[in-house]
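With the hints as constraints, model all of the structure from the sequences given.
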Amino acid sequence: MTKTQRTLLSALLASLSFASTAADTKPDLPIMQQSMEEHSRRMMQENADRFRNIVNDQRMRQLKNDDSALPANPAMTMQQFDCLAIKGLKLAGIELLSHAEVNALGLPNAECLSNQDINRFIQALTTLYVQKGYIAVRILASGPDADGVLTLRAVEGHVEAIQSVDRRLNTVTLFPDVIGQPLNIKDIDQGLDQANRLQSNQATADILPGTAQGGSILVLRNPESQPWHGGLSLNDGGQESTGEWIAGINASWDSPFGASDFISISSQSSTDNPNTRYSRSSSLFYSLPYGYWTLSAFASESRYLNTQQLNIYSVQLSGESSQSGVRLDRVLARSQHATSTASVQLSHKRSDNYFEDGWLDISSPKLTVMELGFNQMLISDSGIWVLDASLEKGLTWFGADQERPIADWPTPEFTKAKLGIKLYRNFVIAEQAISLQSSWSWQGSRDRLPAIEQLELASQSAVHGFKRNSLSGETGWYWRNALSTRLPILGAYLSPRIGLDAGRVLQSNLGYQSLAGITMGLSFNMQDINIDLEYNRALHMPDGFKNEEGQIISRLSWQF
72 MTKTQRTLLS ALLASLSFAS TAADTKPDLP IMQQSMEEHS RRMMQENADR FRNIVNDQRM
132 RQLKNDDSAL PANPAMTMQQ FDCLAIKGLK LAGIELLSHA EVNALGLPNA ECLSNQDINR
192 FIQALTTLYV QKGYIAVRIL ASGPDADGVL TLRAVEGHVE AIQSVDRRLN TVTLFPDVIG
252 QPLNIKDIDQ GLDQANRLQS NQATADILPG TAQGGSILVL RNPESQPWHG GLSLNDGGQE
312 STGEWIAGIN ASWDSPFGAS DFISISSQSS TDNPNTRYSR SSSLFYSLPY GYWTLSAFAS
372 ESRYLNTQQL NIYSVQLSGE SSQSGVRLDR VLARSQHATS TASVQLSHKR SDNYFEDGWL
432 DISSPKLTVM ELGFNQMLIS DSGIWVLDAS LEKGLTWFGA DQERPIADWP TPEFTKAKLG
492 IKLYRNFVIA EQAISLQSSW SWQGSRDRLP AIEQLELASQ SAVHGFKRNS LSGETGWYWR
552 NALSTRLPIL GAYLSPRIGL DAGRVLQSNL GYQSLAGITM GLSFNMQDIN IDLEYNRALH
612 MPDGFKNEEG QIISRLSWQF
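Just so you know, we're using the working numbering here: the sequence shown kicks off at 72 and counts up by one.
A few of these clues could be false.
Straight-line C-alpha distance at most 20 angstroms; calculated SDA-like pairs for lysine to any residue [as the list claims (entries may be wrong)]:
1. K493 to S411
2. K489 to E117
3. K617 to I165
4. K437 to Q105
5. K489 to V457
6. K437 to P476
7. K493 to Q508
8. K158 to A212
9. K464 to V415
10. K203 to I193
11. K161 to R209
12. K161 to T198
13. K203 to L168
14. K437 to T467
15. K464 to L417
16. K203 to I165
17. K161 to N190
18. K161 to S213
19. K161 to Q194
20. K437 to E463
21. K203 to G164
22. K257 to V243
23. K437 to S395
24. K257 to P280
Quick caveat, the hints were computed from the structure, so don't treat them as lab data.
Structure, rendered in structure tokens:
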């Protein structure tokens, strides 16, 4: 029997073996092909989530650490006189404000100007500068001259020098083109935020008088801390078909090249029966700041093996996937309580799936995707709000798949929109601090998406309680909610939590299908060791789903 004949026979036997389970969320696809697409999608999305979480964690760290370097300088006031012997008022040195902005303040123009009129105008002018971030401006009064004209001169302070002796604080990448420019607190805060996105940093700045008139020296300070971090983990939350026990290792290094940059690597692998089934992945992430800009690069690779035991003998389903890309973020606007960021990302994705040694074309896409994104983070009285919106477009660059005139064939040049809203809120019940985390995520597309681009609901990152089933589609949403608290116990912390998830996805042949699940967990944390137990249970699922029993997942991690 030839190799091709053996492959065809295996496919026939597989079809007979799986005939009894033909009811599925995608009845138009062979069950084993759907299983392979599910594995590829999970691995690809897990790595994408890992990169996205790094970016979001650093953004959150920036927002929580946001604090102005210095309050505004007090405005100069005139000495008390009932009426000043002046005939006019002249403004000089104002370069950072427009004529319209200054005129809107109401320039005093009376025959007898009192000190109150002048002081009120100086205060209004100083406030206008401060509102725009220029906190080092001084308003100096001189005269009146021989013509009786009083001059108010604005000394618009500038950054004379930036001093830092910490390797983790690179003044060139954190504060580019700042020296010699007007001192703006927004530029200072942005540089500090870029520094404090790194876990080991708690950077602050002192603004000291310089040697030149209007000059200021920015002195950066940062407590001593180790720049590298690592961790080991073990959990039994994997898939039965590719291994339930997952071991992982991760490491990160703050400012590895002395540029206030960041690098992170991680690797995970299932450990049970690696000769017949496994799931393995590794990833790399790097970011480099430049003032209001952040450049990131990422890459990941995943492999799986799923050995299916049939009536006569076994067959192997296997696959590998990879993705790499670059991302550029730009802070558009910022304040002490909010930041607005735009991003553009270009990524290349490839997935190859095999039945025995046969490559499956339809389940093995090669894609290039351009993504335009917008992020808004806001601290309000109701909590921390995070809005993410993006538009993705499949391209034919870098050898990506071309459109094929075949009915129901996935579209590589797809268009997809995504929207996410998150709320983090703390409140007190019976003198106990409670934390609420609520997130809503939506994805929509009119195109038939490749499997790795579809929204998967039945996963730990979407709706809890599902391990034996898959539910995915081009358009859908899910809503996750969790309540937790933290209890100090003998020098450690015990953190119970409870969550409720729900979601819907649109499938072309079945309409909208819904899932709901509940999760309860208990986490014990002592210094660098964390032990976590979680119970998940499905509450609602479509007809035809395999039975989902309650799942207990244990996790152990050590951070160093």
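Query raised in the report: Of the hints stated earlier, which fail here?
Result: Number 3 - this is the single hint that the structure violates.
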